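Asker: Given next are the chains, with one letter for each unit.
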Amino acid sequence: MADLLQNIYLGFSVTFIPLNLLFCFIGVLLGTLIGVLPGIGPAATIALLLPITFSMQPETALIMIAGIYYGAQYGGSTTSILVNIPGEASCVVTCLDGYQMARRGRAGAALGIAAFGSFLGGTASVIGLMLLGPLLARYALAFGPPEYFALMLMGIILLTFLSSGSMIKSLISAGVGLFVGTIGLDTIYGMQRFTHGSLTLMDGVGLVPVAMGLFGIAEVLANLEGEEARDIFKTKITGLLPNRQDWREAIWPIFRGAFIGFFLGILPGGGVIMASFTSYAVEKRIAKNPAAFGQGAIAGVAGPETANNAATGGAMIPLLSLGIPANVIMALLIGAMMIHGIQPSPFLVTEHPRVFWGVVTSMYVGNALLLVLNLPMIPLWVRLLKAPYGILFPLILLFCLIGVYTLNSNTHEILIMLIFGVLGYLMRKTGFEPAPLVFAMVIGPIMETTLRQSLLYSRGNFSIFFQRPISAVIISLCMLLLLVSAIPRLSGKREAIVGEASEE
Amino acid sequence: MDRISGGVVICLATAILWQARSLPLGKISAPGPGFFPTVIAMVLLVLALLLILTGAGKKEKTIFTDKRAAGRVLLVFLFLVAYILLLEYLGFAVTSFLFMAALFITVTQRKWYSALLWSFAATGFAYVLFEILLKSNLPKGVLGF
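If you're matching them up, the sequences are chains A and B in order. My numbering puts the first sequence at residues 1201 to 1704. My numbering puts the second sequence at residues 131 to 275.
None of the hints are false.
Among chain B residues calculated to face chain A with C-beta under 7 angstroms, some are: (1) 139; (2) 149; (3) 159; (4) 160; (5) 166; (6) 180; (7) 199; (8) 203; (9) 210; (10) 213; (11) 217; (12) 226; (13) 238; (14) 252; (15) 256; (16) 266.
Quick list of simulated restraints, FRET-style, between CB atoms: (17) B:208 / A:1444: 57 to 65 angstroms; (18) B:149 / A:1222: 42 to 50 angstroms; (19) A:1222 / B:157: 50 to 58 angstroms.
By construction, these hints were calculated from the structure, which means they are not laboratory data. Keep in mind it's a predicted model, so treat the numbers as computed, not measured. Even glycine gets a Cβ: it sits at the ideal position worked out from N, Cα and C.
For reference, chain B alone in the conformation it holds in the complex (with noise of 0.2 angstroms):
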């Protein structure tokens, strides 16, 4: 496992160093916005092979070893998404009350009219502390709330 984090991290470290091209290094005596970042891309790059070096004698073990319960991250992971996409085109209401029911019915799984109940109650808390009482300026949907 460590093997393949370091990996990754080396990956980021080179896309950093690779973006950091187009900036100005500067000289030492007057180090410009490309210097910071790149010291820090070289830095990664060592600690990532150390992590390698270090993690290659190691047992791995495997991390997801529960597939339901990766199952259910997953889909927690698909609603969030799906609750940016459709925040401005539905508003905040419909959007909100949506995503606590698929919530409650698929991964909590309640018996649908508790999780209708539970995501109106929700919603409504919501729409109280942060419209009402926060002011905050939530998105109203294609439907005009």
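Here chain A stands alone, though its shape is the one from the complex (with noise of 0.2 angstroms):
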């Protein structure tokens, strides 16, 4: 108990330097602005913010990343509410009852409600990451290649598994992402993979341009498709904070909603979007009235919007005790590590405590910030709200290729970033998921590097997965998945378990 109060301590300490509050502050105020905008999510946003932190402490810029993270997911949910329009996949089922309350001139109750549920969610996962986080590192310590391997491998499954649409197109994209991933020297040997003497690609192929073009460019390209019609309300937005029955009907979802997301979050793989979903369906199957529900009900609005809060803070756990992305933004996260020399390792906790405490207080103090700053900012996000996406479109693409550039001030980047651009827009087209490709490119390295030191170290056995317990455990729960997903009548419940988020 005494060492964790001194990690707070120690967390605070370095959250509190005025820089790194400073950045918390640019974070959460960047997260919830493209959370509001269209056409830019925190993917895009993050990695174009990559190549600034690249002068930063490590700690600044983790700080600042994980703050557009959380940021976006409330600015998700003021436009879910008041436009009918989910700003993030997240916040999808906030619509269904926070629209309606809108509708019905109760947009101030569940914008107020949406905040303190983030808050009180967000919190939640914070002092559970602080707990939880230390734990699972000290157990993750009997962890060796083939473990990691085992544990790199259900990442890439589960986030198949999970992601919306057909799970062959998800792995497929996985498989281009490991592809991808081996592009440049051979993590053993140095030598020379696919690069055809091009001195750009030796370096390997770059998580930002890869990520500007999927996310930035290729989600320009798609939205010129569609003029989508913004509905938005002219009603003045009164009464913010909810009222004392309010309260009362939001505060057990509210409780729920922080346990369940939090949970969901630690899973590998899309927790986030999983989270929201499994709050609303548990508030609705356990509600007195259940068909208030998509009619206005405050807890339908409460409970998810907690939930997805919570599960940010969960897929932390994952990322900062083992190293592993819990989804595409952690991913870009660990990207983020390894630009300033921290390997994604059970070692972080305790070879760099100053990152881990200090990213995780400062979510504390950026989710204090958020609600502090954004009911009084409401207004202005509604205003912002109605900017044309001609105006937004082509700065987000002069943003994406300048940033592109400035990283090593070479146009082959922004070649790169184009490929992936009309990839990007090609395979959301024909249904393929972004997100394993980056995920996958991400963690290929790391997967390629354990795989050969296991098959050296038990002189190429591939019993070696499942000789050991932890590896064998996750090996299995590997394939139980591939199984499921396998079996059609199975299959048929994960795409009713995840195919409500892609109704978007």
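Dock chain one against chain two, each of which comes alone in its own frame, and use the hints as you go.
Answerer: Structure follows, in structure tokens:
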């Protein structure tokens, strides 16, 4: 306990360095902004900002990136409630009851409860992260290359299992990502692979141009096709503070949402979306009056909003304690860490306590900042929602172009971004998810190294993955998941679970 | 559609296998640089075949329904290519200005004066942010700026 207090003290002392506080603020503000704005999500934003973080201290960089991530969840819920357009995929369910509340003149209460729920969910998950993270990390000391390989494999399989659409397509997307990850120098012998003598490719295909292409450029290209009508409320938003009756209806969904969100968030692979859907389903099932759901039930806003923010904290656990990204944003965070020379590993907590505890406590401060800042700023966000896409998208493109160029002052990087932009656009059109590609590309080199080390160690015997208890359990889980998705009747259930998420 | 994308993946996997020939595979007890790419390519081949098999009976949806929308996408793509080609020759400021103006005039169909104004503002904003605040080294063109 004394240890924990000391660590929390260390964390806050890092967070409250004025510069870190400033970037935490910038992160959550930017996050909310892009959560509100159409056509640009947290993945593209983080990719865009990665170059800027090169010159920062690693903890400062991670504090800002984490801020963008959970800030976007806030912004996304605002658009869900006011215009029935989810800013982020995890806010899809918020539309169901949030928009109905807004139509009944209760937009203020819906926004208010979403903000409070998010704050409470975020807080609960940070506390959980503090307690569970170091515990898991201690356990992780028993991890060797086979366990790592198994975990990475599970990360990919879970992500593809949970992503919307065909699992085969998602697995293909991940396979392409693994291949892209092998371009450059071989991790063990330093031999050139697939470079064709190109100096740019020798360093490997950069995460930033790929992520910007797949999420920034591709998103813009896809949005150019459809002009969505945005029906924005003209009514004034009054009474942001939920009344006593609202609180009575929302308090238990908030508690349950925090719990559900946190534990689902820990699961590698898209936990945030799962969390909000599960919370909504649970609330609807146990409600005294399920018919009220979809008609503006405050519990239907409070639960999922709490859950998706709690899940962002939960998702940090596998990342910070095991070095495994739970979703694509976490994969980008790992990319940022590696740029700063921090290898994702179970030793992160002990080797870089400033980073771990600094980021964790900054999330706490960031959540408070969001609450204090965003409630009064909602009218401003609403006005921003009206920003025409015709002005936004050229700006997004310009920033992607310049941002990628400034990485190495190299036009080849822009070319890589453009290639992945077109690829991402075509993938969207044909139903391939881009997230597994980026995820696999980041963890690919670690996967390859651990696989080869395992085989070296076992003298070429694949049974090493089954002889060691931890990796045996994980590999069996992977096989189970693959099996489940291969059986048609069961895979229908999978689609029922994740299918709704794709109805954006 | 699934059959076409499956075919593309098969091409990619074959290309990877072809390219990986020159890399030493190593032994299974000491895998070499070619080991992992070869395994991935084979997994991709299997997945692509599965995709083609499962997609065979499905109804085909055409994906490019709106010709005008597809034209817009192509236009933006061409502007992006032009940006890459011109960047080091004309320099950051001129290229960005032209790029933005081209987008505003053709894709969003603004009036020319509003397009120029917005392009100027956007380029100026990017210049202040990247060149002055972030001190990144943006390319100067033949004109010296």
